[in-house]
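Participant: Sequence:
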Amino acid sequence: MSEELKEQIEALQQKLAAMETKPSQATPSVVYMKSDRKFSKFGGRPVKESDPIVDEWIADMRDYIRSVPSKDSHVGFIMDHLTGNAKTEIRLRPNEQRESGEQILNALEQLYHSKDTITQLQQKFYQRDQQQGETLESYSLALMTMVDQITRRSGKEMPEKDKVLIERFIDGIKDQHLRQELRRISLEKGPMPFLEFRHTMLRWIEDNPSQTEKSVHKTSASEFSELMSVMKKQQELLEKQQEQIDYLTTLTSNRGSRDGNDPRRTSGRSRSFSRYPRYSNRGRGVGRGSSYGGNNMQCYNCGGRGHRASDCPSDDFGGKKSKENEARSQQKSGQSNDRPSR
Numbered sequence: 125m126s127e128e129l130k131e132q133i134e135a136l137q138q139k140l141a142a143m144e145t146k147p148s149q150a151t152p153s154v155v156y157m158k159s160d161r162k163f164s165k166f167g168g169r170p171v172k173e174s175d176p177i178v179d180e181w182i183a184d185m186r187d188y189i190r191s192v193p194s195k196d197s198h199v200g201f202i203m204d205h206l207t208g209n210a211k212t213e214i215r216l217r218p219n220e221q222r223e224s225g226e227q228i229l230n231a232l233e234q235l236y237h238s239k240d241t242i243t244q245l246q247q248k249f250y251q252r253d254q255q256q257g258e259t260l261e262s263y264s265l266a267l268m269t270m271v272d273q274i275t276r277r278s279g280k281e282m283p284e285k286d287k288v289l290i291e292r293f294i295d296g297i298k299d300q301h302l303r304q305e306l307r308r309i310s311l312e313k314g315p316m317p318f319l320e321f322r323h324t325m326l327r328w329i330e331d332n333p334s335q336t337e338k339s340v341h342k343t344s345a346s347e348f349s350e351l352m353s354v355m356k357k358q359q360e361l362l363e364k365q366q367e368q369i370d371y372l373t374t375l376t377s378n379r380g381s382r383d384g385n386d387p388r389r390t391s392g393r394s395r396s397f398s399r400y401p402r403y404s405n406r407g408r409g410v411g412r413g414s415s416y417g418g419n420n421m422q423c424y425n426c427g428g429r430g431h432r433a434s435d436c437p438s439d440d441f442g443g444k445k446s447k448e449n450e451a452r453s454q455q456k457s458g459q460s461n462d463r464p465s466r
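Reading the sequence shown from the start, the letters are residues 125 to 466 in my numbering.
Worth double-checking, as some hints may not be accurate.
Pair by pair, the computed Cβ-Cβ distance ranges are [stated by the list, open to error]: (1) P193 / K280: 32 to 38 Å; (2) T243 / A183: 20 to 26 Å; (3) I309 / R169: 32 to 38 Å; (4) A183 / Q359: 50 to 56 Å.
List time: in silico EDC-like cross-link candidates among lysine to aspartate or glutamate, alpha-carbon distance up to 20 Å [what the hints assert, rightly or not]: (5) K313 / D295; (6) K285 / E320; (7) K313 / E284; (8) K298 / E258; (9) K172 / E258; (10) K211 / E258; (11) K248 / E291.
FYI, nobody ran anything at the bench for these hints, they're computed from the structure. Glycine included, each C-beta is placed from N, C-alpha and C at the ideal position.
Please build the complete structure, drawing on both the sequences and the hints.
Facilitator: Pasting the structure below:
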């Protein structure tokens, strides 16, 4: 019994040795592990600062799917990272236009590729300042992203990129104290890459938290004070406008009551318009484009409107006027009689 076992053991050992020395002809099985890289959801052109940039997201996604040999998973992976209008746009396309991941990325690139020119991108970069509540770390990343966009569009590096980034970063800081401190650091260190300057800046902020917090509180208090000052000026302006409106309303009301309670003006006005309608449209401004029409002219004799004192049709002034006219005609008649005949 023992001899049979020994023979079986020897036979198995020989087979095992033969299998180890013989090269394997079978194709090794490949196991693909899920990537730990995380992609943000893509919904189209960025609206908020946190939204992914179109060109950057497409480039990163293209690099990733090219590193994965299994093309069957490309479409599903990309669709899982689409949202909103971008996902709807791809779903509505024919099947032959979305059979591969490369086709989907090309479609997204055609739809949402940034149409800003190099000049427009540069203008946005030089106008980009630190926003309210934005940290210096986030602000510096935003500037670096904008420079990367300019580089992608132009196809070449920005001249003196590090120097331009440092100057733009310092000039855009909201707090004056931090701006002065970082400018001092920049002058002391001399020319350096922006990443090195950024590291120095962040380390200085960590070493001086009290000054940073003080600057933030000072900035908030200053902005609140400016807001209150603007609101106070607006309130004063509204009060002055209301006073002017009240004054004009009172003035108009008093003038209307005086005109209505004056019997002399009322009677003179009624007589002037009823008995002598031919005088109603006469006045100093009639026919000459004046802003004072005939109906707005007031007589200093009777108080009526629509004529002058020299044309007043009232009895008192009319009687005087008729006597003056009669005396004037008699004088002219006497002068004509005294002339010698030819």
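Participant: The structure should be examined with respect to each hint, and the outcome stated for every one.
Facilitator: Going through the hints against the structure:
1. The hinted window of 32 to 38 Å between P193 and K280 holds, with their beta carbons roughly 34 Å apart.
2. The hinted window of 20 to 26 Å between T243 and A183 holds, with their beta carbons roughly 23 Å apart.
3. In this structure the hint that I309 and R169 lie 32 to 38 Å apart at CB holds, the actual value being about 37 Å.
4. Between A183 and Q359 the beta carbons are some 53 Å apart, a value that agrees with the proposed interval 50 to 56 Å.
5. For a cut-off of 20 Å, the pair hint linking K313 to D295 stands: about 17 Å separates their Cα positions.
6. As the CA atoms of K285 and E320 are separated by approximately 13 Å, the hinted pair is consistent with the 20 Å bound.
7. Between K313 and E284 the CA atoms are separated by roughly 17 Å; this keeps the pair inside 20 Å, and the hint holds.
8. With a C-alpha separation of about 10 Å, the suggested pairing of K298 with E258 holds against the 20 Å cut-off.
9. This hinted pair checks out: K172 and E258 have alpha carbons roughly 13 Å apart, not beyond 20 Å.
10. In summary, the hint linking K211 to E258 is not supported, as the alpha carbons are separated by about 31 Å, beyond the 20 Å threshold.
11. Only pairs whose Cα atoms come within 20 Å are accepted, and K248 paired with E291 is accepted, the gap being roughly 15 Å.
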